[in-house]
Structures are given as structure tokens and as C-alpha cells.
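For chain G, the structure is supplied; the task is to place chain S on it using the hints.
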Amino acid sequence: MKLKLIRQTGIHVILAAGGALMLLPVIWMIATSFKEPESIYAFPPEWLPHPFTWSNYVETLTRPGMAFLDFFRNSMTVTVLAMIGNIASSTVVAFAFARLRWRGRDALFVVLLTTMMLPQHVTMIPVFVLFKYLGWIDTYKPLVVPAFFGAPLYIFILRQFMLTLPRSLDEAARLDGAGNFTLLTRIMLPLSKPALATVAVFAFRAHWNDFMGPLIYLNSSEKFTLAIGLHMFHGQYGTEWGPMMAAATLTVLPMVILFLIAQRYFIQGMAMSGLKE
Amino acid sequence: MSTREEREGWLYASPWIIGLIIFTLLPMIASLVISLTDWNLLTPPTWVGLGNYKQMLFGDPLVWSSLWITTKYALISVPLNLVVSLCLAMLLNSKVRGVSVWRAVYYLPTVVPGVAVALVWQWLFNTDFGAINAVLHSLFGIKGPNWLLDTRWIMPSFVFMSLWHVGAATVINLAGLQSIPESYYEAARLDGAGPWPLLRHITVPMLSPVLFFNLIMGMIAALQTFTQALVMTGGGPDNKSLFFMLYLYSNAFQWFKMGYASALAWLLFAYILILTLIVFRWSKAWVYYEGGVRS
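Protein chains in written order, with numbering that gives the first Met the number 0: chain G, 0 to 276; chain S, 0 to 294.
Pulled out of the complex, with its shape left as it was, chain G reads as follows (with noise of 0.2 Å):
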């Protein structure tokens, strides 16, 4: 008994030691945001904001050029509507992979697979020149048009979901006289909704966070999302701290919220994604 606490104790001891490593940066970057210039340059360094104050808030906010609530509303709006696609689509394919049969299929997710460890790098050049072909230059549609062809990480996540609810359903459906359209809004969409959820918190994080695409595809800075806004302040005022790390803490907010909320999917869907074989 006495030496389960021990070593639950000393479990707990490493834990928090890496624990404090990992939330660090965190609590660094939003006690800057609350300091007052004297103490972001203390030395030795200060923990706390004493005093505290909203003044880098207020800043980072009114800086001209530096429209960050407009940024804030482009990330919104690039990420919901790519979200849109990536679910839409990926889940229509996943449904293919996993309830209907047709040749080439087999062969096809084996393609699938393997595109996932493929380097995005060799085909950025190309996609480039098409979109700017296109027009598309410094508009939405190369960061959310893309979403609409189905992501394979999130159509490997559904199809393993829907693998395992069962056939017998189907059957049922079909003797109803149901087609695969019906089988997957009615049927098979309710009963994915852990594995959306984690596609859906999965989509969100990876759009929210892009950096390449708005870099390469953005000019005009009222159109700058989130990332490549805080990108822009950042090389215009780089080092005045106390701003940059509250620029930053925007940036991070909806990101964190949105981990407290769906952990749970966040965690499932990381786990799922390494357990295919």
C-alpha cells in the first residue's frame, strides 16, 4: 500500500515536471501580453504582469494596418467553409470505401494510404500556376476549394468508423427499398457522429492553423487570415513584445477553447489515425 503511493507519487512528480515544460510557453507568452514595457525588459525576467495592464490588447487591436478582428473574421470564414468541404466530401468517398463494392477499389485505397505520406511540397509549384491560371490569386478558393476533393486522413478516420457499424443495417435499409443516398444521410451519418466530430475538430486545426497556403496564395493585407496576419505584424513591429505576444494570444485563444471543449476528439482522432496497419 505504502509503496503504491510512493510510485503514484513519483508518477505524478515526473508528470508535472514535463507538465510545467509543455504549458511554459503558454503562460509566457500571456503574462507578456498583460505587461507593462519596464517589466516585459526586467531582468531578471518577471513571471507575473505586475502591473497588469490591457494596453498590448489594446494595441495589437488599433494599430493601423493591423485590422486583427478582420483577420479573426477571415480565419472564420476560410476555416468553416473548408471544414464544409473536407466533411462533405471526405464522407461521401469514406462511405465508397466502406459500404459499396466496385472494382479497383481495394487498389484505390491502397492509393489513398499512400498519398497520405506523400510530400506536399512537389505538387505546390503546379497547384500555384493552375490557381493563378485560374485568377484565383489572392481570393479564398485555393485555400477552400481544394477541401471539396476529399482529405485521405479524414477518409481513412470515417471509412475504419463506418467498417465497424453493422452490415445488418444495410440489408434492413435496402429491403425497405432505400438507395445508397438515403443508406448514407439516414443511416450511416448518425451513427458516424464521433468519428465527424474528430474529422470536424481535425479540419478545423489544420485550417485555423495554415500558414503555406494563405502565404503563397494572399497578397492584399485586408484579406490576411489569422496566421499570416500575425506573420505580417511580427516582420512590421518585431520586437515590441508585449503586442506581438498578444497578437499571438488571439491567434491561439479559439484553438485552445476549442481543445478544452473536444478534447476528447481531438485525442481519439490522434489515436485513431496512428493505428492503421
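One should not assume that every hint holds.
Below are the SDA-like pairs computed for lysine to any residue, each with C-alpha atoms no more than 20 Å apart in a straight line [stated by the list, open to error]:
hint	chain 1	residue 1	chain 2	residue 2
1	G	Lys131	S	Trp254
2	G	Lys222	G	Pro63
3	S	Lys94	G	Ala16
4	S	Lys256	G	Phe130
5	G	Lys3	S	Trp254
6	G	Lys222	G	Pro145
7	G	Lys222	G	Gln119
8	S	Lys71	S	Gly234
9	G	Lys131	S	Asp37
10	G	Lys222	G	Asp209
11	S	Lys94	S	Leu197
12	S	Lys71	S	Thr275
13	G	Lys222	G	Gly134
14	G	Lys3	S	Lys256
15	S	Lys256	G	Gln119
16	G	Lys3	S	Asp37
17	G	Lys1	S	Ser93
18	S	Lys94	S	Ser178
19	G	Lys131	S	Gln253
20	S	Lys256	S	Leu266
21	G	Lys140	S	Asp37
It is worth saying that the hints were derived from the structure and are not from the lab.
Then chain S, alone, in the frame of chain G:
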């Protein structure tokens, strides 16, 4: 098999198949063609044959230095992350109350946007006012180095920073650990096996497919390191953090040398492919698939 089901199968899979053709297959072919030209997107491309490849392999020392920097980073950070994530996963798998809170804490950094990560770490690494040197000073009385400004410390800085995202691999390992039947351990304990043999002969072999997955994905990601380098250092000091992807990006989107950048993309692609194949071959010696036959 009805032809109707056949048709509908292709129909339902078509978004991905069309996307594969438009956004992957055709661009890959186009990329090969572009790499044989000189093209700034403003004037028509001119055919240069293998000129870009010659220049890249024999006339551009930055290609080799950036490839070496990227390789070195992958060689150090990937195994380090693998070992740390395995240890963490075993700790998080122990039946201790409140352990799920720690799991969330370790996973949290992986949801933070890359640009914000880079900015926060740049500030943490600040020589005079950063948190890391403050900790070193107050705990050990050491004066910390100029992390991001010193050619000797730039690589350790990036490796150190990579550990902040160890949570992703940890969660995957943890799921793997939870799928190992408890009975294996019980049987081994009955035979008198201690903690080390349990780790060596049950945990690691049973977890090897998951470790292998983390190794491959970690390697591919590390070889494409970009955001941190662009935001934190822009490749400096003295090009010591000029990662390959950053050099490729500069060629393509700052200097608009599309042909040359495409050749660079193929070099990196070939490099990643070869390394992946080597790891796959090597994995046959140590990855154990339940129900599979070991060759």
C-alpha cells in the same frame, strides 16, 4: 456484383479520384516538366533541359548545406521525440488518478498554430529577457547562450523546440499501449519477469508498428520543416537554419525561379522517398505484426 453498385461506387469515390488527378497526379507530371525550364511566371518558360539539375547538384553550395541542416535536424529530433514520447506514454498509461489531466496538458501544444509557436519560442529564446535564460539563471546560476543568434546553438534550439510537440506521438503511443492485452504482462510476471524484460520483450515488440508509424511520419515532417525557420530566423545566422523547404520557398515565391524550385522539390522528394524505403526495409527486422509472418 450489380453494375449499379459498381457505378455508384465510382460515383461516390469520384470527388477524391478527381482531386487526386487535378491536385496530385497532373501537378507531379507538370512539376517534372517545369523543372526542365527557366520560368519566372511573367515571361514564357525557356527550355533548359537538365540545366537546373546540374546547377543544383554541382553549382549551388546552399543546396547541400540546407539538405545537411535538414538531415541533421531530422536525425536528432526524430529519435529523441520517439524515445521521449514512449517514456511519456508509459507514464500516462499508469493507473494513477488524475492522469487524464496530464494527457491533455501534453497534447495542448500540438493545437497551437505554427506561427504563434514560432513567435512565442523566439521570445522564450531571447538572450536577455527570455524565459529560458531566466530559468537557467535562477535555477543553476548559468548565463544562457544567444540561442537563435549563435551558429553553435541554433540547431539545439530547433531540436529543443521540437520536443514541445512530443504530445502528438505520445497520444498515438498511448493508444497503442492500451491495446496490448493485460494478460501478456500477467503471464510474464508469473514467470518472474521484471520491469526491464517486460519493456524489452512485450511493450516494445507489441508497440513496434506504432513506433514505426511515428518514426515515418516524424521523419517526413522533420524533413519538411519550414514555418519555424521562416518566422524565427529567416534561415540565419549565417544560413545555419536555412532548412531545405525554406530555400525551396525562397526560390519559388520570393525570387520566382519556378523551374529551379521544381528541381529542388524533386531532389527533396527523391531524398524523402529513399529514406522512407530504407526505414521500411530496416523495419522488417524489428516491427512485429500480430498474426503476420516475420521474414
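Quick rundown of the hints versus the structure:
Taken as a hint, the lysine 131 of chain G and tryptophan 254 of chain S pair is honoured in the structure, with Cα atoms around 16 Å apart against an allowance of 20 Å. Distance hint between lysine 222 of chain G and proline 63 of chain G is fulfilled; the C-alpha atoms sit about 15 Å from each other, no more than 20 Å. Simply put, lysine 94 of chain S and alanine 16 of chain G have alpha-carbon atoms about 19 Å apart, close enough for the 20 Å limit, and the pair holds. For the suggested pair lysine 256 of chain S and phenylalanine 130 of chain G, the alpha carbons sit about 17 Å apart, so the restraint of at most 20 Å is met.
For a cut-off of 20 Å, the pair hint linking lysine 3 of chain G to tryptophan 254 of chain S is broken: about 63 Å separates their Cα positions. Proximity of lysine 222 of chain G to proline 145 of chain G is assessed by CA-CA distance (about 19 Å); at most 20 Å being required, the pair is judged to hold. Restraint check for lysine 222 of chain G and glutamine 119 of chain G: not satisfied, since their Cα atoms lie roughly 24 Å apart, outside the 20 Å limit. For the given pair, lysine 71 of chain S sits about 15 Å from glycine 234 of chain S by alpha-carbon distance, which is consistent with the 20 Å threshold.
Of the supplied pair hints, the one linking lysine 131 of chain G and aspartate 37 of chain S holds, its CA atoms being roughly 18 Å apart against a limit of 20 Å. Taking the CA atoms of lysine 222 of chain G and aspartate 209 of chain G, the gap is about 15 Å. The hint holds against a cut of 20 Å. Restraint check for lysine 94 of chain S and leucine 197 of chain S: satisfied, since their Cα atoms lie roughly 17 Å apart, inside the 20 Å limit. Pair hint lysine 71 of chain S plus threonine 275 of chain S holds up; C-alpha atoms about 16 Å apart against a cutoff of 20 Å.
A C-alpha spacing of about 16 Å is found between lysine 222 of chain G and glycine 134 of chain G, which places the hinted pair at or below 20 Å, so the restraint holds. For a cut-off of 20 Å, the pair hint linking lysine 3 of chain G to lysine 256 of chain S is broken: about 64 Å separates their Cα positions. Among the hinted pairs, lysine 256 of chain S with glutamine 119 of chain G is consistent with the structure: their alpha-carbon atoms are about 19 Å apart, no more than 20 Å. Straight-line distance between C-alpha atoms of lysine 3 of chain G and aspartate 37 of chain S comes to about 69 Å, which puts the hinted pair past the 20 Å bound.
Straight-line distance between C-alpha atoms of lysine 1 of chain G and serine 93 of chain S comes to about 17 Å, which keeps the hinted pair within the 20 Å bound. For the given pair, lysine 94 of chain S sits about 15 Å from serine 178 of chain S by alpha-carbon distance, which is consistent with the 20 Å threshold. For the hint pairing lysine 131 of chain G with glutamine 253 of chain S, the CA-to-CA distance comes to about 16 Å; that is within 20 Å, so the pair holds. For the suggested pair lysine 256 of chain S and leucine 266 of chain S, the alpha carbons sit about 15 Å apart, so the restraint of at most 20 Å is met.
Distance restraint check for lysine 140 of chain G and aspartate 37 of chain S: the Cα-Cα separation of roughly 28 Å exceeds the 20 Å cut-off, and the hinted pair is therefore not satisfied.
Going down the numbered hints, you'll see the structure goes against 5, 7, 14, 16, 21, while the others check out.
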